[in-house]
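Engineer: Letter by letter, the chains look like this.
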Amino acid sequence: MSGHSEDPVAEESKRFFTFFNLSMFLVAITGIEIVIIYVKTFDSASIIGVLFATSVVKFFGVVWWFMHLKWDKILNTVLFLMGLVIALGTYFAVIYMADSHPVVEKFEVAKIEDAWKADHSYKANDYVLQGEAYFQAKEDHLSNKSFEPKRWKKVDGVPHAISFRIIGGADMIEINSKNPGNPFFLLSHPDGSEEIDESTIALLTENATSADFRLKVRSEHFWTEAQ
Amino acid sequence: MSEASAHALEHHEPVTSTGIPNKKVLMWAFLGSDCMFFGTLISTHLIYRKISATVGGNFLDIRDVFDIELTSFSTFILLASSLFMALAVSAIHKGNLNSTRWMLLGTIVFGAIFLACQVYEFTHFVHAPGNELTLSTYRGEPHVFGSTFYVLTGTHGTHVAIGVFWLLGWLAYSFTGKMSTAHALDVEICGLYWHFVDIVWIIIFPVIYLMEYAM
Numbered sequence: 001m002s003g004h005s006e007d008p009v010a011e012e013s014k015r016f017f018t019f020f021n022l023s024m025f026l027v028a029i030t031g032i033e034i035v036i037i038y039v040k041t042f043d044s045a046s047i048i049g050v051l052f053a054t055s056v057v058k059f060f061g062v063v064w065w066f067m068h069l070k071w072d073k074i075l076n077t078v079l080f081l082m083g084l085v086i087a088l089g090t091y092f093a094v095i096y097m098a099d100s101h102p103v104v105e106k107f108e109v110a111k112i113e114d115a116w117k118a119d120h121s122y123k124a125n126d127y128v129l130q131g132e133a134y135f136q137a138k139e140d141h142l143s144n145k146s147f148e149p150k151r152w153k154k155v156d157g158v159p160h161a162i163s164f165r166i167i168g169g170a171d172m173i174e175i176n177s178k179n180p181g182n183p184f185f186l187l188s189h190p191d192g193s194e195e196i197d198e199s200t201i202a203l204l205t206e207n208a209t210s211a212d213f214r215l216k217v218r219s220e221h222f223w224t225e226a227q
Numbered sequence: 001m002s003e004a005s006a007h008a009l010e011h012h013e014p015v016t017s018t019g020i021p022n023k024k025v026l027m028w029a030f031l032g033s034d035c036m037f038f039g040t041l042i043s044t045h046l047i048y049r050k051i052s053a054t055v056g057g058n059f060l061d062i063r064d065v066f067d068i069e070l071t072s073f074s075t076f077i078l079l080a081s082s083l084f085m086a087l088a089v090s091a092i093h094k095g096n097l098n099s100t101r102w103m104l105l106g107t108i109v110f111g112a113i114f115l116a117c118q119v120y121e122f123t124h125f126v127h128a129p130g131n132e133l134t135l136s137t138y139r140g141e142p143h144v145f146g147s148t149f150y151v152l153t154g155t156h157g158t159h160v161a162i163g164v165f166w167l168l169g170w171l172a173y174s175f176t177g178k179m180s181t182a183h184a185l186d187v188e189i190c191g192l193y194w195h196f197v198d199i200v201w202i203i204i205f206p207v208i209y210l211m212e213y214a215m
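Taken in order, these protein sequences are the chains called R and V.
Every letter in the first sequence is one number past the one before it in this note's numbering, and letter 7, counting from 1, is 7.
Every letter in the second sequence is one number past the one before it in this note's numbering, and letter 189, counting from 1, is 189.
Hints are computed from structural coordinates only; laboratory data are not their basis.
In this text the structure is predicted, and so the values were computed from the model without any measurement.
Watch out, some of these pointers could steer you wrong.
Heads up, simulated DSS-like pairs for lysine-lysine below, C-alpha to C-alpha not over 30 Å straight-line [to be verified]:
| id | chain 1 | residue 1 | chain 2 | residue 2 |
| --- | --- | --- | --- | --- |
| 1 | R | Lys73 | R | Lys123 |
| 2 | V | Lys178 | R | Lys14 |
| 3 | R | Lys70 | V | Lys23 |
| 4 | R | Lys106 | R | Lys14 |
| 5 | V | Lys178 | V | Lys23 |
| 6 | R | Lys154 | R | Lys138 |
| 7 | R | Lys123 | R | Lys138 |
| 8 | V | Lys23 | R | Lys14 |
| 9 | R | Lys123 | R | Lys106 |
| 10 | R | Lys216 | R | Lys106 |
| 11 | R | Lys73 | V | Lys23 |
| 12 | R | Lys117 | R | Lys153 |
Calculated from the model, a selection of chain V residues having no Cβ within reach of chain R, i.e. all distances over 10 Å [to be verified]:
| id | residue |
| --- | --- |
| 13 | Trp28 |
| 14 | Leu31 |
| 15 | Thr44 |
| 16 | Leu46 |
| 17 | His93 |
| 18 | Lys94 |
| 19 | Trp102 |
| 20 | Val109 |
| 21 | Ala112 |
| 22 | Ile113 |
| 23 | Phe122 |
| 24 | Gly154 |
| 25 | Thr158 |
| 26 | Ala161 |
| 27 | Ile202 |
| 28 | Pro206 |
Ideal Cβ positions, reconstructed from N, Cα and C, are used throughout, including at glycine.
Looking at chain V on its own, in the form it has when it is part of the complex:
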């Protein structure tokens, strides 16, 4: 290994008592707490999904509402974005700024496609003729399935949107000429957040979507 590379990989981080940069410990602690947050939302949905949605007093088969092909596509997109993110982190560690930019861009584009799919999906669900999955029925009764579903997937979508803006920030910063391997840890932390968003979807996709087809 060259001396320059060795220096590049030291990241100029202050020594801590744990031997781990404080920013990284903070992010892992945050991700642990976010696990609890999503755990609660998923549990809530799994309980209340038993109360079937109705439209105009008629039983609504949620499988007529879901578009599993579209959701499968967006799942593959999010998985692919995780690969780009991992490669972006790897590239910045190696000091390859050009590659970092491309990988960040790839992650952003795939994240944006995922969000676009979710917006399309929500619009389609709310306006599906005869199968409207909304938060309340036309009579104003609460639509429990719709409420827990939109809160859970919407919260995940918000996490993805935050991640996309965070990555956009790093991509823009990379063009200022100030970005170097000294920022590798910051990009890695951003990557941790992005991968977390991915693993939450890894749980949501089978538990919330595919499970409805298995029952």
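Pulled out of the complex, with its shape left as it was, chain R reads as follows:
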């Protein structure tokens, strides 16, 4: 922050090269950002770290040279930094406060409608539709040309796959049916991981969709409800 030099015109001429070099540097760094996203050699945390570092370098490069803070009085820097510090404080405060909220990213209920097929490999507990009825495989097997009832157990109800993904961790997950004629209730206590991606099979009385269910997720302080 040197203020005015003795020969400002000459100084402005010298700045041309500073500006040009800075511009090339910014373009090169942006290119690096894009390349590491495409190559994806590193894990997510490393990529985010690199993106953060390059953004900070570019940010202060523009502010310091293009916006002349390097040559201006310090009051301008102070004014700008005040806003920047408050902005960063707001950012971290909001992120910290919001972090405890579990977020339901996905909640899907879909009827299993796979018809039985010949010469197909089935695993134990797989469900198939044969005629008008649903069956559950008793064991792993390769199906013959025709349906073999001894390998299957007829089930009462319509099998549905219930899957959900929750971000932000949860202490308790509760799923219940909103339709008394189609009862279902599930209560689980996840292991505390940040991302929960689970699915379960439910035998329901009637066909249903996610709109027929309520999913409630509880973290330490918050309830999140979907549907």
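Fit chain V to the supplied structure of chain R, relying on the hints for placement.
Structural biologist: Relative to the frame of chain R, chain V by itself:
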């Protein structure tokens, strides 16, 4: 340095108690407050991006919506416009009116290209078959990702548009014959605004776009 150049660089600005022209202090204070504004918008998006967008009840992978090649191109364009802006400020300080005009024109053209890319991008996002990123779903449910994304990038785009009109004003004024080094400070303040728009994009591009590919 010639005497004429020395006079040209004094800019005829009144003396202030801070030693800095009031207009410049005002602009830096405004930019500080605009930092808070964008900080809030970016924070909001980063929180609500966790609530994934859905189309017709299906999970929408935002990477299928984004066109990272186009956004990378517009990022390079905006960075290049900052170079033109810095050179325009440098030229007016030196009293080189012709060079100032060309550099202002370059900044305006690159700013306009950036805006055109954003308009194309938004149109593409809203109408992408099966991947429509809108403000609400067909069932009228709020599309949180779309809302925070469009508000943030749209606000930035509005800042760019204001900057383009401001620069157009200076370019037009340069042809009236009244523009001189006495206006160097005004062009410099316009430049501060333009560079600020650039640094906001420097944050938005990796945080809002590239981060989605890193997760």
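Engineer: Sort out which numbered hints this structure fails and list those numbers smallest first.
Structural biologist: 1, 4, 13, 14, 15, 16, 17, 18, 27 and 28
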